[in-house]
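Taking the hints into account, I'd like the entire structure generated from these sequences.
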Amino acid sequence: MKGHHIIPPKTLLKVFAALVALTALTALTAQVDIGAFNIPLALAIAGTKALLVVLFFMALKYDKPVNALFFGLGILFVVVFLAFTLFDTAFRGDLGNVGKEAILNTEGTGQGE
Amino acid sequence: MTQDMDRSEAAQARDAEEHPAHGDYITHAKSIGSWMFSLDHKRIGILYAVTAAIAFLAAGVFALLVRAELLLPGETFLSAQSYNQLFSLHGIVMVFGFIIPAIPGFLGNFLLPLHLGAKDVAFPRLNLFSYYLYLLGVILIVVAMVVGSVDTGWTFYTPYSARTGPAVLFLAMAVFVAGFASIFTGINFIVTVHKMRAPGMTWNRLPLFVWSIYSTSIVQVLATPVLGITVLLLFLERLLRIGIFDPALGGDPILFQHFFWFYSHPAVYIMILPGFGIVSELIATFSRQRIYGYTAIALSSVAIAMLGFLVWGHHMFVSGQSAISSIIFSLITYLIGIPSGIKVFNWIATMYKGSISFKTPMLYALSFLVLFTIGGVTGIMVGVLAVDIHLHDTYYVVGHFHYVMMGGTVIALLGGLHYWWPKVTGRLYNEVCGQIAAFLIFVGLNLTFFTQLVLGSRGMPRRYHDYLPEFTSLHQLSTIGSWVMGLGLFLVLGYLLVSLFRGKKATANPWGGATLEWTHTGVRPDPHNFHRTPFVTRGPYEFDRIGASRSETVEDHRGADPPDVALNQDRT
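If you read the protein sequences in the order shown, they are chains A and B.
When the first sequence is numbered by the working numbering, its final residue is 113 and no position is left out of the sequence of numbers.
When the second sequence is numbered by the working numbering, its final residue is 685 and no position is left out of the sequence of numbers.
No wet-lab data here; the hints were simulated from the structure.
Some clues are possibly wrong.
[To be verified] Calculated lysine-lysine pairs in the DSS-like style (CA-CA distance at most 27 angstroms, straight line):
| no. | chain 1 | residue 1 | chain 2 | residue 2 |
| --- | --- | --- | --- | --- |
| 1 | B | Lys308 | A | Lys64 |
| 2 | B | Lys143 | A | Lys64 |
| 3 | A | Lys10 | A | Lys64 |
| 4 | B | Lys308 | A | Lys61 |
[Stated by the list, open to error] Not the full set, but computed from the structure, chain B residues with beta-carbon under 8 angstroms of chain A:
| no. | residue |
| --- | --- |
| 5 | Leu335 |
| 6 | Val339 |
| 7 | Ile367 |
| 8 | His371 |
| 9 | Phe375 |
| 10 | Phe422 |
| 11 | Leu423 |
| 12 | Gly426 |
| 13 | Val431 |
| 14 | Gln434 |
| 15 | Ser435 |
| 16 | Ser438 |
Beta carbons: idealized from backbone N, C-alpha and C, even for Gly.
Here it is, written out as structure tokens:
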């Protein structure tokens, strides 16, 4: 493949309309409380918008697959970084063979300070 | 084969006659400006080499001083505070000023386009910019550490770094700048490998050095930005009082270690992977054998680069991170042993039934096999959760990573330096001196660091200015070892300087290497590397076919050029 792929203005406008619609959707869903799904939903909409920008405005859809591979690799490593750090912060203090009380109940011993 | 080589050299000579006005990459322009603002990858490589060598010399002298202080128990000539500053200087200058940039900056720059059959790297201006960012970073690091008297060690852990004052921020900024040099070099090399390969230079004809530099570049591009993010977060915390790492503000100090090691563990692979590449070249050339398991060695570099991202938590087993985290990181750490083992066994298999010649570069390659194996195996040992509780923050860890950094990277770099010295300078060094120095360095290194493994397993903590009397004899052995190693290294410096000015003139291919820099360029390469774009028809280790590819022989070279279709093929 030589040179740049020229994306027709019609496609760009359609993507723009989709982005505006998704923004409106974000604002709408923010008014409704769906409990634990609040954040995943907001992230899903934001992720879709980012994907549209990357595919069409940044033209990754029309590039060689190797560019998508590198882009995906970058995203993968952000996920790895966050996920593995959460393995720590989400389970900090869980020692398996020691009950939580044994760790927390150290008042007066001077160890918990 | 000799006849083939002669024909190849005859082709070079003929080419040189045809282009008498050119001069090679050193003689074609001589002003200082032509060096300092050169866009030629070979000259930029040499700029890196000189800067990194100065950093290595300085950091090496700091190490000798640290070891000298430890010769006797109690305070001898350094106060505890100066001792802390000195080992911090040693670590930071060695890591950021020397080991990370040395091989990619010097040999990577010099060789990558030559290995690919290209005229230069993909972005020569970016390449020069990277060098100046690196230089600026090193200068800032030294200024920050000397003026601000930083004594945090190279890891900048809180709470040390929180108490050290604003100089730490300045230092972090300097590391940030040097980090960008690393990112730009990585991008440059990745694009170069993808887009600048000569016709016929398919992925499975790339020299293994290129594979290792390619893997290194991926790590540089993916990991180094996290270092930048860490520094920005530090700034946000200090200036705007947003709690990120400081518990007083609601932050999490262990989070700093996550950020730090997410970069710094892959950085270990930035240091060692190019060393693997060099060793592959050395073992193939000096055994005169096709490399055994080419694909396995090439892909194990990529595997190490990828797995290297998933093990950073093994530095944090005793930091208070969650147990589940420690178990996962420990498990993945064991996996790293597999691709490393694949490499070592393939190198040994390459030597099997080869005609091995024990020239200086090969001595370094053999030293590497022994030393890196010790470094790797001790690494698996500290990756075991229960064992690490005992060994963490002892001299065992110091011994382990010096076996990897010094016994691995530095030894490989020394081997590569000797191997490509004739190509870089056009001169030969004194072989006997080279062999003596290699021996001294090998003995000194083991004496220094094996005793540290013993010291650590007996409970000697690292970073201490003083020690209990029972450790005296082992510390003294270690210090004596550092002198032997220092002697060997100064000997290298001495005879290489002599060679530079008075060395015997080299030929274009003194070792009988089969990669393009040996077969397709003159004694020293031209400013634009090749007179004609090479047309590659064989692999990098087919020693029996040197001179057999079309543009390597006089007849073919002067005959028809490769078809345009082949020359203009699209490369991914």
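How the hints compare with the structure:
Proposed proximity of Lys308/B and Lys64/A is supported: the alpha carbons are some 13 angstroms apart, at most 27 angstroms. As the CA atoms of Lys143/B and Lys64/A are separated by approximately 43 angstroms, the hinted pair breaks the 27 angstroms bound. At most 27 angstroms may separate the alpha-carbon atoms for a hinted pair to count; Lys10/A and Lys64/A meet this at roughly 23 angstroms. Pair hint Lys308/B plus Lys61/A holds up; C-alpha atoms about 20 angstroms apart against a cutoff of 27 angstroms.
Given hint, Leu335/B at the interface with chain A, holds; its Cβ is 5 angstroms from that chain's nearest Cβ, closer than 8 angstroms. A distance limit of 8 angstroms between C-beta atoms decides the matter here; for Val339/B the minimum to chain A is near 7 angstroms, and the interface restraint holds. The beta carbon of Ile367/B is positioned within 8 angstroms of a beta carbon in chain A (closest approach about 7 angstroms), and the interface hint is therefore held. The beta carbon of His371/B comes within 5 angstroms of a beta carbon in chain A, closer than 8 angstroms, and the hint placing it at the interface holds.
At its closest, the beta carbon of Phe375/B sits 6 angstroms from a beta carbon of chain A; the interface hint therefore holds under the 8 angstroms criterion. This hint holds: Phe422/B has a C-beta 6 angstroms from the nearest C-beta of chain A, less than the 8 angstroms allowed. Among the interface hints, the one on Leu423/B holds; its C-beta lies about 7 angstroms from the nearest C-beta in chain A, closer than the 8 angstroms criterion. Proximity of Gly426/B to chain A holds as hinted, the smallest CB-CB distance being about 7 angstroms (cut-off 8 angstroms).
For the restraint placing Val431/B at the interface with chain A, the shortest Cβ-Cβ distance is roughly 13 angstroms, beyond the 8 angstroms limit, so the hint is violated. Hint on Gln434/B holds. Least Cβ distance to chain A is approximately 4 angstroms, under the 8 angstroms limit. Restraint check, Ser435/B versus chain A: the minimum CB separation of about 4 angstroms is within 8 angstroms; hint holds. Residue-level restraint check for Ser438/B holds (minimum Cβ-Cβ distance to chain A is 4 angstroms; threshold 8 angstroms).
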